[in-house]
Each structure stands twice: as C-alpha cells, then as structure tokens.
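Based on these hints, arrange chain U on the given structure of chain L.
The primary structure of each chain is shown beneath.
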Amino acid sequence: MTKVGMTANREWFVVRHPWWVLLLSLLFVGAAGSGMQGLEFTNNYRVFFGKDNPQLLAFDALQNTYSKSDNVMMLVEPADGTVFTRETLQAIVELTKAAWQISYSSRVDSITNFQHTVADQDDLIVADLVFKPLQMTDEQLATVRQIALNEPLLKDRLVSPTGHVTGVNVTVQLPGEDPMEAMKIAKEVRLIAAEFMQKHPNLTVHLSGVVMMNNAFGESSLNDNASLVPLMYGIVLFVLILCLRSFTGTFSVILLIVFSIISALGLAVYVGIKLTPTSAMAPTIILTMAVADCVHLLVTFLHNMRLGHVKKQAMQESLRINLQPIFLTSTTTAIGFLSMNFSDAPPFRDLGNIVSVGVLIAFVLSVTLLPALMMVLPVRVQAKDEPDNTSMQWLANLVINKRKLLLIGNSLLAIVLMSFIARNEINDEFVKYFDESVEFRRAADFLDANMGGTYNIELAIDTKAAGGISEPVFLAKVDQFKHWLEQQPEVVHVNTITDTFKRLNMNMHGDQLQWYKLPEERDLAAQYLLLYEMSLPYGLDLNDQINIDKSGIRVTVSLHNLSTQQMLAIEQRINHWTTVNLSDYEVNAASPVLMFSHIGQRNIVRMLLGSVAALILISIILIIAFRSIKLGLISLIPNLIPAGMAFGIWGLIDGQVGLGLSVVTGMTLGIVVDDTVHFISKYRRAKIEKGLSSEEAVRYAFSTVGVALWVTSLVLVSGFIVLAMSSFLMNSGMGLMTAITIAVALFMDFLFLPPILMTLDRKPNRVSA
Amino acid sequence: MNKIMIGLLLCLAPVVVWSDAQKGLEIMQEVDRRDLGWQDMVAELKMVLKNKNGDEHTRRLRIKTLEMKNDGDKSLSIFDSPRDVKGTAFLSFTHALEADEQWLYLPALKRVKRISSSNKSGPFLGSEFSFEDLTSFELKKYQYNYLRDEVVNGVDCFVIESYPQYEYSGYTRTQAWIDKQRYIPIKIDYYDRKDALLKTQTFSDYQQYLGQYWRAGTVLMSNHLTGKSTALLWEKYTFRNGLTARNFDKNTLKRSR
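These protein sequence lines are chains L and U, in that order. Here the first sequence stands for residues 1 to 769, numbered as in the numbering used here. Here the second sequence stands for residues 1001 to 1257, numbered as in the numbering used here.
Isolated chain L (complex conformation) (with noise of 0.2 Å):
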C-alpha cells in the first residue's frame, strides 16, 4: 500500500498538474539556456592539448625563447611553369608587400624580398633579391633564377627546385586572446589571393600553414553544424513518426531534444566552456541520446492507450514501468561520457562533459516535460497502428532453437575479428584530419608534391654560453647535424644559420667560392654576424633563429607529410643523433605535427583507464539494479566484446587510430549497456515476477523491447553514421567507429545475450529479498 502511494504520489504530480511541470521546466530550461548567447567557439590546435602536455610546454617554451612561427603560406603556381619571369616575379613583389596588410603578421619571406648579399670591393651589399623586376634584363633574370635555385635558405622552402613553384611566407603573431583569430587572417589571405588571382589570371595562389589549418578545423565544424544538424533532425523526425505514429508525440519529442541541447550548452557556458571542433558535436550526440528515453516512454504509453486505457492511467502505467530503466541508461551512458574527461585533450573532456549533462537533462525532462506536454496536448491513436510484433517473435524463436550454434558461432566470430585488433596502428595526421573536399587539405597536398614542408621540426640548440653561437666548434656541428639531416628521407630542407656564415665568409672574401664555408675564428664569426643583422631591413631580421644572448640558434627541419609512427621515428633517430653528437648542447625539439604524433598515444592509455573505471562503475550499478552478481557479471560479456569486434572491424577497413577514435570505447560502453539493462530487466522481471524458465524469459524480453532495441539503436547509428559524414576526420572516424559498436552490440544483445543466458542461468530464480 505504501509502495503504491508512493508511485501514485510522484506520478501523480507529472499526471495531474501538468502545466505546473511545464512552467518549472521552460524555468529551467530558460535559466539554463540564457547562458547559450555568451557561446563562444575556438578553433585553434592547440586546443586539442592540455595545459601540462610536455610537447605543448616544450613548444611554448621554444616560441617564447624565439618567436611563434604560425605561417600563412601562400604558394603561387604559374601557368607557364616558371617563376622567374618579370611579369610573375612582379607579382611575388606586389603579393609580398600585400602580405604585410596581414593582421598580427611579424614577418614576410619570398624570394623577391630575400636578403641576398654580394661583396662589392670592401663593402658588403645587402639587398632584396629581385629590385623592380620588371626593368630587370633576360640576364638579370637568369641570375636570379640561378642564386634562387641555388641559395640553401630558398630551395625547397620558397622555391621548388625546378622553379615552377613559389612561396610567400607570412609569420604571424597570434594574441591567442581572441578565439576568431584565425578565420580573421584566413578572410584576409583569402581576399588578397583572390584580387592577386584575378589581377593575374595566369597564376594560381594555394594557402597553407598553420593559421589555415586552424581555419579549417574551425570551418569544417561550422561546415558540419550548417549539413549535419539538419540531416539528423531529419533521420529522427522519420524514426519517430514510423514508430509512434502520433504528431503530438514527435512535436513532444522534439521539442525534449531542443531543450536538452539548450539546457547543456547553456550549462555549458556558464562553467566557462568554449566549443571547438570537437565538443561542437554535442548537441548532435545529445540529439540522438535523448531519443531513446522518449521511445521507451512514448511507445508503452501509446501501447496502453490504443489498449484502451485513459490517457493519465496509460502514461501513469509507462512511467511505473519504464522510471528505473531509463533512469538506470541515462545514468550509464552519462558514466561512459564522463569517462572522457579522463582524455588528454580537453575538447574531448568537454564533449563527454557537455553530453553527459545532456543526457541527464534529457532523462529528467522526459519524466517531467514530455509526460506534461502529453497530458496537456491532445493526443489521438488508432488500434492498427501498433507496430508489428512478429519478427521479434521469430527472432526470439530462432535464438532458442539455435542456442548451441549461436553460441559457438558467435563466440568464434567475436574472436576472429577481435584478433584484426592488432592491424590499427595509432596516427594523427593532422593534415588527414581533412578529407580533399577541404581547401587546407588540397593545399597541405599541393605543397607536399611540389616542394614539401607542412610538417616541421624546430629544434633549439642552446650552447649555454652567451655569444656561443660563433664558436667555430659549435658551427661545425651543427652544419655536420644539418647534412645529417638533408640525407634522412623524410627531410625536405632545413633551415640554419649556418648557411648564413658561410655566405657571409665568402663576402667577405670577395665572392670566392672556395671561402663559402664557416669562419674559423670565434669574434670573427660573430662579427659578420653583426655586419649582416646591422644591415637587415624590419622583418627580415634574425631574432626569430637566434635567441638575445647569442647563446643558442633554432633550426627549421622541413618534413614531408608523414604518418605518426614515421614522425615518431625520425624523432626517435634525431634524438639519438643529438644525444651522441651534440652531447655538449642542450637539444630541444618541439612543433604542432609533435605535439599531434604523441597525443594519440598519450590519449589511448589515459583513456583505457577512463574505459575501465567506467566499466568497474557501470557494473556495480548493474549487480545493484539485476540484484545479483550473476547477471551483472553475464552482462559485462555483451558490453565489452561489442568495443573489441569493432576495432577489429576498425583494423580491417581503416587501421588508423587516433585522438577521435581512443575514446570511442569509453564512450560506447555506456551506450550498449543500455540495450542489455533493457533486455535483461524484462528477462529478469519475467523471471521473478512471472516464474518462468530462461527460454520462456527470452521470449518474453524479445517481444516486449525488442522493437523499441531495435529502434532507439537505428536512430543511434544513423546518428552516429550521420557524424561519420563529416569532414573532419577526428569526428568522422569518431561517429563511424561509435555506430560499428553500437551496431555490433545490438547484433550481439540479440544473438549471443540470450543464448548465454540460457546456458549460464538455467535454474529458475527464485525470489530472495
């Protein structure tokens, strides 16, 4: 009697005094969501790392000894297949001196302005290279193109080797303070390389760097929320009318959603979180978790009432049945996202953190909200309309009959694609992280054809010494490490200033070649150095290689567009190299494609631990809801085997893993539970309540959710299959990989919970407490 007063009295007050739950929820929902109009989205890389990540620190570090290198690369290809021309040389000029329009830009390098040094008797001439080209002759021209394509500090980094391709590298200073700064100098370049297309139709501008590359993740998210969104709206709003048949409870539904997502990214901002690329998926996660709560409740009260029962006993009776279990799903699958914070990128913390709270406010509304909206709104159902039972009846058939076979078979399947585990491989391209159909990427893939160099190395080499860089000891090293590095595969140009004394020797010695090669004498060395820094124009000085003591220089090591365990390699034989032969330095190498190639790594192992802290967690919840350890150890089997079938699906059709896809596990976990507390709750309950034996149990479970499984997991899967459309290969791969687990552990729910149960649960339960 109790009992039932107090299910009454909570129903009750959702049932009786709807527009009250109503007024408190759009309170809430107001409240929560007014935080959505300071919603701020930032787009730099560097985001994706935490505070204490030591490639980030190192990298800071070295930036703030220097000077930041984020670049705009604007490459110009002419249609003639040559650069050295007036009209094309006249154009580098004029994009070179339009390149300093460029907001926060530091410094410009092309080969026009280039500082080239000749002797001229006992003078030494520093001066742009190319000087109003078009009065320049047929044998000026040709001397250009011969110091060009022979100046160590050009070739392969402003100018491809056979001179069909140029570069002008714009330097900017990022504040870092304002989150639309990249998309600001992005709209700038992109308008100065359109008036520069149009004014010279015969040359074509490409735009890399690091700067564009933030503008494409920036892009590519806003790409994605402007096709994405949509389309999932779309696929939920078919699922919800096939299944419910009711316009008041798809209008009801979707109005839950809208309000989750508010209420969340109101939430949200309010502790102060900016969306990025990646915590941008949100809402189109919360948007699909939020529809299997409503399913669940909507379907048992349409159930009910085209029964016969009156609208507030139909819902009354759906939320009798339905409170524990959604509550129970909600609360796990929040788990599982909370289990990203455990990542090491922050977006992914405030994605799970964003969904998770999703998720709740999603369960609570749709135990408050969506039973009001139903009580107050007139709802209308026809007999006919309930859906169709009949293959859950034969699936249930088939599954007790072929209990054996699909035990054996399933577990031999399990193990067969859990050993393709081994194919992934974890890399983080950053480049790969666009699909061709993103300009960056196309750009990124031009400049690696034609001359290389959008993955890099700076390494700082610090003498401990003030004016140590002059010793000719030191020198001699560093150009010995330079040839080291020109003949290492993956290396396309590096950039020292080694390459600098020696020219400034030859000067010195009337432009004899014999004398291009370093000075031997300390003060001597250092004097030319300080000739030549007294001669350069502003922006084209040496403090972003050389550090204000003189004590240590940065070297550039230009790469070819390597795979993360390439990266890591040459890394790996750098340091070995500087640790045997620079022993007397201190070595420091640092840069963004580093920080990338060492947080997919990073991230897999932290994010192991999130998984099996979720796990241990979801378990105890589960032994405490089925009220025996037996089902809750039975359950783990289909929640854990989904993760590890789909990696190794994952080795089998892609093989790649990085940041997206290591914290799909976590992820999932708290997603597939939930077809397994459905399917075992109603195992359970028919069971205890009813006393029947497992095989009459199964049956029971496959015909009351079996539907409602199958439905809450194709709206899943489509939503996850829906991210994995995206352009954005760390949300792509994310949403594939996410739908493959999920699809597998319906598969499994299916075909192999049950035939284990059957074997492992036979005696029938009794009821203990």
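Please keep in mind that the hints were generated in silico from the structure rather than gathered at the bench. Keep in mind that this is a model prediction, so the values were computed, not measured. From the three backbone atoms N, C-alpha and C, an ideal C-beta is built for every residue, glycine too. Check each hint, because a few of them may be wrong.
Some, not all, of what chain L presents toward chain U, calculated at C-beta under 7 Å [what the hints assert, rightly or not]:
hint, residue
1, T65
2, V118
3, Q121
4, L129
5, F131
6, G163
7, H164
8, D523
9, L531
10, M534
11, P537
12, I688
Listing some non-contacts, in silico: residues in chain L with all C-beta distances to chain U over 12 Å [unchecked claim]:
hint, residue
13, A99
14, I102
15, Y270
16, N543
Leaving out everything else, chain U in the frame of chain L:
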C-alpha cells in the same frame, strides 16, 4: 549667395585641418628649438634585451654624438660587450629624408665596412629599437598633426601624430606624447605598415643638463606583437666635450676606442 556659402565652407575645411597640422608643427619646432646648441654629447649606454620567456641579456656601448646644423647628427658607437664584438665601432651620419650613411669597423677583420642603406627600419643590435627610432630628431623627417591634450604618467601632454617622410620607414605613423612644459617626449606609440600598434617607447628618469637639455635616463621599448622588450639605461652624460667632425671620420674609425 549659396555658392558663396559653399565656397566659404570649402575654404574653411582645409583651414581646420591645416591648423592642426600647423599646431603640430609648431609644437615640434619648439621641441627642436629647445634642444639646439648642445654641440656634442658623450654617454654610456646599457642595453637590456628581454624575450617573452623573461630571459635577459645586457649589451654595453659608449656613444659620442656631434650636433649638426641643417642635417642629421653624426654619431659614433663603440661596443664594449658582449665580448665577441668588443671594440667594434659604428659610425653613422643620419639624414632626414635620404638613407643614412653608416660604417662598421670590425676589429677581428681590422676593416671598415660600409653598411647597406635600406636598414633604417631594421633592428639595432637585435634589440626592439630600429635604427630610425634611435637616430636624432629632425623636423623634416615627419609631417605632424596635433591631435589633442592628454595627461600621461601624470604629465600634461600634447598628443602629436607624425607621418614618416622617408620612403623605407617601417611605420605608417607614430603618436607622441610631448610634455607641455618641458617639450620632451614622454611616450611614443609606433604603428606598423598595416597601421596596427607595434611598439611603445616610454621615457623616464629625465635629467636636465647645462640648465637646458633634458635627457632620459631610462628608455623602454616594448613590442606588443612579439612580447619582447629592450631597455636603454643611459649614464654619464657629458656635453660640449670639444668634439669635432674629425672625431667622426670613417678613415679614423679604426683608431676609435
């Protein structure tokens, strides 16, 4: 009748602009006038470079300057540290509108080298000061525009905008705060080629010499783009040491110590 009114208005408009330009010029003429006649000057300079990491490095120089009438001043800098460049001497004849003439004596090479001319915008000794920030003030270098009055660091100032007249300047404009009483700069903002605030120079520890000439003891240049800064610490100013053009001759540069 209307035409006359419009004509009057059209005539007046440039007058308003002209008056600000005129006022700016007059203020700067006063700045120039008050600093005339010191003849020559010798001082020691400590240059402290600082990067974004907070690392510091100090350079020491001795600087002699000869006041020139109707032209930029001549100056000779002798480097005392860092030790690699000790004894290096830098001679410069500055000009208002043409490129400066500059020579560098390199003791390791025992030679005097002429430095190419396009570097006015470039950094001096790897510092945040460019050559054009350091060379003597000449009226003809800029066009002026008086903007407003403003109190800065507790000093009542004129705010003057200056547009460089030298073709290869690194700036589009500068904005200077000139002390209304003493006619000396308190602060200068530098705007780069895209007209964004690049650097700020602040002058402090002013002292008056010979009862007339104000010299700042500390000058700080902060680069807003890179986060680097350079401080100039001036010491031991002496004036009217009897220096002549012969002390600033490229042929005697080798012998300067």
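We went through each hint and held it up to the structure:
Taking 7 Å as the C-beta cut-off, the interface hint given for L/T65 holds, the closest approach to chain U being about 5 Å. Contact between L/V118 and chain U, as hinted, is not supported at the beta carbon level, the nearest pair being about 10 Å apart and thus beyond 7 Å. Annotation: interface hint on L/Q121 violated; nearest CB of chain U at approximately 9 Å, more than 7 Å. With its C-beta approaching chain U no nearer than about 13 Å, L/L129 sits outside the 7 Å limit, and its interface hint is violated.
For L/F131, the suggested interface contact is broken, since its CB lies about 10 Å from the closest CB of chain U, more than 7 Å. Checking L/G163 against chain U by beta carbon gives a least distance of about 26 Å; that is not within 7 Å, so the hint is violated. The beta carbon of L/H164 comes no nearer than 30 Å to any beta carbon in chain U, farther than 7 Å, and the hint placing it at the interface is violated. Satisfaction of the interface hint for L/D523 is found here, the shortest Cβ-Cβ separation to chain U being roughly 4 Å, below the 7 Å cut-off.
The interface hint given for L/L531 is met, as the beta carbon of that residue sits about 6 Å from the closest beta carbon of chain U, less than 7 Å. Nearest Cβ of chain U to the Cβ of L/M534: about 6 Å, under the 7 Å cut. The hint holds. A least Cβ separation of about 5 Å between L/P537 and chain U falls short of the 7 Å threshold, and the interface hint therefore holds. Given hint, L/I688 at the interface with chain U, is violated; its Cβ is 68 Å from that chain's nearest Cβ, farther than 7 Å.
With a minimum CB-CB distance of about 10 Å to chain U, L/A99 fails to clear the 12 Å threshold, and the non-interface call is violated. The beta carbon of L/I102 is not kept farther than 12 Å from every beta carbon of chain U, the shortest such distance being approximately 7 Å. Every CB of chain U lies more than 12 Å from the CB of L/Y270, the least distance being 32 Å, so the non-interface label holds. Look at L/N543: its CB is around 6 Å from the nearest CB on chain U, not clear of 12 Å, so calling it non-interface is violated.
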